[in-house]
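Enquirer: Letter by letter, the chains look like this.
Number of protein chains: 2
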Amino acid sequence: MTIQLYCFGESGHSYKVALGMELAGVAWEPVFVDFFSGAHRREDFRAEVNEMGECPVLVDGELKLTQSGVILDYLAPQTGFGGKTEEERRDILRWILWDNHKLSGPIGPARFMQNFLPVDKHPDEVIRWHQGRLRVSYKILDAHLADRDWITGDSLTNADLSCCAYLYYPEPFGFNRADWPNIDAWLNRIADLPGWKHPYDLMPGRPSDRGL
Amino acid sequence: MTIQLYCFGESGHSYKVALGMELAGVAWEPVFVDFFSGAHRREDFRAEVNEMGECPVLVDGELKLTQSGVILDYLAPQTGFGGKTEEERRDILRWILWDNHKLSGPIGPARFMQNFLPVDKHPDEVIRWHQGRLRVSYKILDAHLADRDWITGDSLTNADLSCCAYLYYPEPFGFNRADWPNIDAWLNRIADLPGWKHPYDLMPGRPSDRGL
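In the order they appear, the protein sequences are chains A and B.
Going by this note's numbering, the first sequence opens with residue 1, and the numbers climb by one from there.
Going by this note's numbering, the second sequence opens with residue 1001, and the numbers climb by one from there.
Do not take every clue at face value.
[To be verified] If you want the footprint, here are the derived chain B segments under chain A, 3+ residues with CB under 8 Å:
hint : stretch
1    : 1066 to 1080
2    : 1095 to 1101
3    : 1124 to 1136
4    : 1140 to 1149
For the record, the hints were derived by calculation from the structure and aren't laboratory data.
Every residue gets a Cβ at the ideal spot worked out from N, C-alpha and C, and that includes glycine.
Using the sequences and the accompanying hints, generate a full structural model.
Expert: Written out as structure tokens, the structure is:
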């Protein structure tokens, strides 16, 4: 049975998993979650799909998994992106946790507030606060990539997939690739891999569907 | 050689690890990080201790690990808090990731801004935004604990350690135990375990040291 991924185009967390499966040639199909109509907040979604009210959710036969970091780890035997040693495995987890806390975590709401809320409802102070925190994170990642091609080891891993995902989106949220040359080169390196696709070409749903 | 933990009393992320070792009877000693003097932001700390500029950091002989979720996983063979099956291990990781992203993640800065900044520098809009997001998280955790004693399985695991840590701190950040009866009962359950200690009794540094 083909793996199903509950996702939508604007979800960077979903993109981490979708991109990993696509790059590794794992067969999968998307199940569209209408996030912008609040589908993830409905009681049936929480009861039957994910009590945390989030995407992505992966369904593989009888197994249902949530949290992109868990799903990337589960898929590692198929994708080969889980690291080659116990030390690499721990280092990948370290960057996935950091990403959830300090990179993708704050980018999600910052990008949402700045682009997907009506202009008169932009909480400017909150957006600026996120952008300030995120500059610290971009600096850490850019410094880490100064003398390496990949976050961990000598090829793409789940650490790269987790950290890169939101950085490909075109909507402005305070991240300018030109300001971070090592991140910029690394994003180009990933995008040059055979099979790479932009999030809006890989998953259903994009802002223009909603007239944005 | 005794395990060393770079930490400070106000760090809920450090407390997750310190409490786990204490409950399991693992020998450890704290290395105080003077966070409120900016020790974690200094170049020598980033170069020699943690490029991410964060606590906790665990040193076990030649091994140095960062990110509380990685450290909890590393210690699991000694503590027994890593789950009994592969399914439990994945479920623990799911809650640790959720906690880093949606619970401990936002509590850290919300509590800092509300309690440890000068009153005239409180960014009220940002604090309120965090408190609103956190109410959604408290609701998810409270619902999850409605019919179970522990987050995963039938005893304390790293999932409980990760999620509980910030909720024991006395400084106000918008969390009131009385509003969340299942969380309240679970926090009492953990605090009743032999060896449990409050964060300020387990790690060096507390607000009163700084006249707060």
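Enquirer: Each of the hints needs a verdict: does it hold here or not?
Expert: Quick rundown of the hints versus the structure:
1. Requiring three or more residues with a Cβ within less than 8 Å of a Cβ of chain A, the coverage given for the stretch 1066 to 1080 of chain B holds, as 7 such residues are present.
2. Counting residues of the stretch 1095 to 1101 of chain B whose CB falls under 8 Å from any CB of chain A gives 5; the rule of at least 3 is met.
3. A count of 5 residues in the stretch 1124 to 1136 of chain B with a Cβ less than 8 Å from any Cβ of chain A is obtained; the coverage claim is therefore met, three being the minimum.
4. Only when three residues or more bring their CB closer than 8 Å to a CB of chain A does the claim for the stretch 1140 to 1149 of chain B stand; here the count is 3, and the claim holds.
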